[in-house]
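Undergrad: Chain residues, written in single-letter form:
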Amino acid sequence: MRKAHRAASVIAAICGSLFLLFLVAPIVRLVGAGGADGLRHLFTDAELRSALELTALTATSATALAILGGTPLAYLLERRQFRGRSLLAAVIDLPLLIPHPVAGIALLLVLGRRSLVGGTLLDLGIRVVGSPVGIVCAMLFVSAPLYVSATREAFARVDVRYEAVARSLGDPAWRVFRRVTLPLSARGLIAAGVVVWARAVSEFGAIVILTYNPKVASVLSYDRFTSYGLDEALPVAAVLAILAFVPLFLLRTLRASRGAAAFVQ
Amino acid sequence: MIEAEALGARVGEFELRDVSFVVPAGKYGVVIGAAGSGKTTLLETIAGIIPMKGGVLRLGGKDMRGVPAEQRNAGIVYQHGYLFPHLSVEENVRYGARDVAFSDAMAVRIGAAELYSREVRGLSGGERQLVAIARALAPRPGVLLLDEPFSALDPRRRTLVRREVRAIARELGITVLQVTHDFTEAGLPGDVAILIDQGRVLQSGTPERLFREPASPYIAEFLGAENVYAGEVRYLGDAAPDWVDGATELLARGHRAIEFRTGGLALYTVGDAPAGEGHAVIRAEEVLISAAPQESSARNQFKGVVSEVATTGALTRVTVEITGVGGGTGTHGGTSVPIVAALTTRSAQELVLREGSEVWASFKAMAVYLC
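Protein chains in written order, with the numbering used here: chain A, 1 to 265; chain B, 1001 to 1371.
Keep in mind the hints are simulated off the structure, nothing from the lab. Only a predicted model underlies this, so the values are computations on that prediction, with no experimental measurement involved. All clues given are correct.
If you only want the chain B side, here are some residues facing chain A, beta carbon under 8 Å, derived:
| # | residue |
| --- | --- |
| 1 | E1044 |
| 2 | I1049 |
| 3 | A1069 |
| 4 | E1070 |
| 5 | G1075 |
| 6 | Y1078 |
| 7 | Y1095 |
| 8 | G1096 |
| 9 | P1139 |
Every residue, glycine too, gets a C-beta built ideally from N, C-alpha and C.
Just chain A, with the same shape it has in the complex (with noise of 0.2 Å):
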């Protein structure tokens, strides 16, 4: 029987080894490979340089708009029954399924020149196709799922009961929201936008086919790739994903702390 015990858990352990390696080697051959050498090309490689600022600055926007539009979003599902809201839940989780080239395209047919939308927003002077504002719908879509997600999360581990203490109390339902639910679910949140800039950072698919320039930094690493090899190409995926794993890093590390503490229940 122990032998039995023991010969399992070095199954496990091995299994488990494996997996890791899997998921860790590339990105740390990657990093090796090429994190030295983008780290120069920073001072160096305008190009790089701008779009990284270009990643960074349409992912924050992503990032803003999906807690915008995704908060109340994620509240409502988690908090009130209604008719259709297994069914909202799905059509939101579905960017997440589709490949995200077809998430491109499908935006495309919505925000193109020649669609009702962007046809309207190109009156008014708003370029979707071929700007920043398509890269950060592009992200948004691909991403904002997740977050609502994540959200959605955060609210059901915060007990509905200390939003009912709170109105009997005389807040109403925003005012709870504000003072209660915001502080209670306050880690959780931040967990999600960080998971969503990182997602929207490194998103490719969908940012190819509506804006491939100006180049964000998933698009220049592929584009000096096809253009000029790997070797051209490794400095910017490895800052790439430098720049991905910062924020995941930094989450865990504030979970960890005795200052995240302070978020949860």
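Given chain A, work out where chain B should sit, using these hints.
TA: What follows is chain B alone, placed relative to chain A:
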């Protein structure tokens, strides 16, 4: 004042149905029920947290249909307190306060002010309850809804806090509705008691009435009556019995002299129960135990053998098996029937009661309630 008329609500599969009761302004109502009977659902429906599905609810005479929770002036205190963990104890108490001096005064009276310097996370269950009560009182609610609010307090503190809550409610004219599964707790503070089961009110009235005149054997047993017997009601004729004080007046009000037979036991009482199958309830506190037959007016007197003596502090519960062969005034031979008596422990010690002791159990005719 809390007035519920055929109040209904639904939470998932659970349904609150036809709930009707009144707690007059400034009075203390107690909802008693087992776990899962719908007590908390009732409070949350009154607070406006769960939407009503039919019926009428008035708080302070005002119809609550369509009135949101924040406008009902009804504070709620849950068993677990639900203190806001991101706020200090002081901020919790003052959360809904319009007058900080008043909220602090409430905190002092309840005993929560001394916890101001502590972190919410470090409070015990009882301390959390104190803060939650002070927080609910801080906005001067018209109605205070308490969900097992004293359960985590030690017995001494529980009595003090309950007394203080009652005093504050009386002073400020707050109508209180407290839920509990503990009938002994319900018996202490309540002006009105409401017994609820499976989302329906089984009986409501003064706590005294619920205890003395339970509407069913289930209610009697739930409220701690230990002597509940199924049997048969027989009328004894129209003459006023001499074993009940005021029998003539009772008969004039439609009551009848009754013999109630259960097992080998015949109990005598006066009541308005219909003839046929029924239940007799005798509270243990009404049963006297003596070493020899009582020379008293107690109509029901039986000789038996002590089968159990259980002491819980100042009270001792004695179970006496009435076997029928002993020849007591009301026995008819046959099966054994247990009668539980509650004595002061001192009395039990004086009688030197132990298993196997032969004793007499007696109780007055009016101690027998038929339902």
